[in-house]
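> Below, each chain spelled out in residue letters.
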Amino acid sequence: QSALTQPPSASGSPGQSVTISCTGTSSDVGGYNYVSWYQQHAGKAPKVMIYEVNKRPSGVPDRFSGSKSGNTASLTVSGLQAEDEADYYCLSYADNNNWVFGGGTKLTVL
Amino acid sequence: VQLVQSGAEVKKPGASVNVSCKASGYTFNYYGVSWVRQAPGQGLEWMGWISASNGNTNYARKVQGRVTMTADASTSTAYMELRSLRFDDTAVYYCTRAIRGNWFAPWGQGTLVTVSS
Chain G
-7 QSALTQPPSA
3 SGSPGQSVTI
13 SCTGTSSDVG
23 GYNYVSWYQQ
33 HAGKAPKVMI
43 YEVNKRPSGV
53 PDRFSGSKSG
63 NTASLTVSGL
73 QAEDEADYYC
83 LSYADNNNWV
93 FGGGTKLTVL
Chain A
76 VQLVQSGAEV
86 KKPGASVNVS
96 CKASGYTFNY
106 YGVSWVRQAP
116 GQGLEWMGWI
126 SASNGNTNYA
136 RKVQGRVTMT
146 ADASTSTAYM
156 ELRSLRFDDT
166 AVYYCTRAIR
176 GNWFAPWGQG
186 TLVTVSS
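If you read the sequences in order, they're chains G and A.
Quick note: the first sequence, position 33, residue 25 per my numbering, numbers continuous.
For any residue, its number in my numbering is found by taking its place in the second sequence, counting from 1, and adding 75.
These aren't lab readings, by the way, just hints derived from the structure by calculation.
Among these hints, one or two may not hold up.
[Unchecked claim] Below 20 Å or equal to it, Euclidean Cα-Cα: the simulated EDC-like pairs (lysine to aspartate or glutamate) are: (1) G/K36 x A/D147; (2) A/K137 x A/D163; (3) A/K137 x G/D87; (4) A/K86 x A/D147; (5) G/K39 x A/E120; (6) G/K36 x A/E120; (7) G/K60 x G/D87; (8) A/K87 x A/E156.
[Claimed, not checked] Residues from chain A that face chain G, not an exhaustive set, calculated with beta carbons under 8 Å: (9) G118; (10) N133; (11) A135; (12) S149; (13) Y169; (14) W178; (15) A180; (16) W182; (17) G183; (18) Q184; (19) V188.
Using N, Cα and C, we set each Cβ at its ideal position, and we do this for glycine too.
Assemble the whole structure, with the sequences as input and the hints as a guide.
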C-alpha cells in the first residue's frame, strides 16, 4: 500500500484559510468514507482533528473542516491561529483491512 | 481515556523488542488497538491492528513476518513485539485506540526504540 499524497508544506497568515489535500486511489480514499486527519505538534503524539471525512470530535474547534471528492480528501483550517502551526497527516482505511497515512504536511502560520 | 506505554528501549540489530500499552478509562475489549511508528524526522507509518475482543490481527506488509500484536483483556494491555530488528526500525512507536475501525484516538505517549550496535 503506497502512502497517500500530501503537499510537503502549506502556509497562511493569521486569520486566513488554508486547505491541505490528500490524494489516494479508489482502493483507499475514493473507496471509503473513512478519512481522518491528525495534528502533530513537535515532539508530541498525534491528535485527531477530523474523522469519517468531515466529522469533528468534541473539543476540536469548528475552524477545522474536512471534505472529499473522488480520490482526494481535504482539510481546511479557517481563521488560522498561531497554535495551528503543526504537521498534519491524513489517514484512510484501505482494502483488506489496511490503513494508510499521507506523507504529512507542515503548516506554517506566517 | 488514556493509553500509557512502556519506556524507551535500546536494542542491537537482530534483537527483539516488546512494547506495552496499558489502557484505562474505557472498556478495553470494545475497541481495537493500532500501532503506528514514526522514524526520526519522518511521517507516520501504520504497522498493524488487533481486535481487543477476539485477538484478530492485521499487519502491514512491510513488517509482516517480524511483528506480533497481542492484547490481554484481563489487564487492559496491548503488546507489540518486533523481531529481527534493523537500524531502520529506529522510531517512536505509538499505540492508539481504533474507533469504529477507522479512526484513532487517543494515542499513547510514544516509545522510542533505538536500534544501535
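> Answer holds if the nearest beta-carbon of chain G is closer than 8 Å to that of A/A180; otherwise answer violated.
holds (4 Å)
> So, A/V188 near chain G? Judge it on the closest CB pair being under 8 Å.
Result: violated, 15 Å to nearest chain G Cβ.
> Does A/S149 pass the interface check with chain G, least Cβ-Cβ distance below 8 Å?
It is violated, given that the least Cβ distance between A/S149 and chain G is near 26 Å, above 8 Å.
> Does A/N133 pass the interface check with chain G, least Cβ-Cβ distance below 8 Å?
holds (4 Å)
> Take the C-alpha atoms of A/K137 and G/D87, compute the straight-line distance between them, and say whether it is at most 20 Å.
Roughly 16 Å separates the two Cα atoms, so the pair holds.
> Regarding the pair G/K60 and G/D87, is the alpha-carbon distance no greater than 20 Å?
holds (18 Å)
> A/G183 was flagged as interface toward chain G. Is the shortest Cβ-Cβ separation under 8 Å?
holds (7 Å)
> Is the straight-line distance between the alpha-carbon of G/K39 and that of A/E120 20 Å or less?
holds (15 Å)
> Against chain G, with CB atoms and a cut of 8 Å, does the hint on A/G118 hold up?
With a closest approach of 4 Å, the A/G118 hint holds.
> Quick check on A/Y169 please, does its C-beta sit within 8 Å of some C-beta on chain G?
holds (6 Å)
> Against chain G, run the beta carbon of A/W182 and see if the smallest gap drops under 8 Å.
At about 4 Å, which falls below the 8 Å cut-off, the nearest Cβ of chain G leaves the hint on A/W182 intact, so it holds.
> Go through the hint on A/Q184 and say holds or violated, using the shortest Cβ distance to chain G against 8 Å.
holds (6 Å)
When the structure is compared with the earlier hints, violations turn up for hints 1, 4, 12, 19 and for no others.
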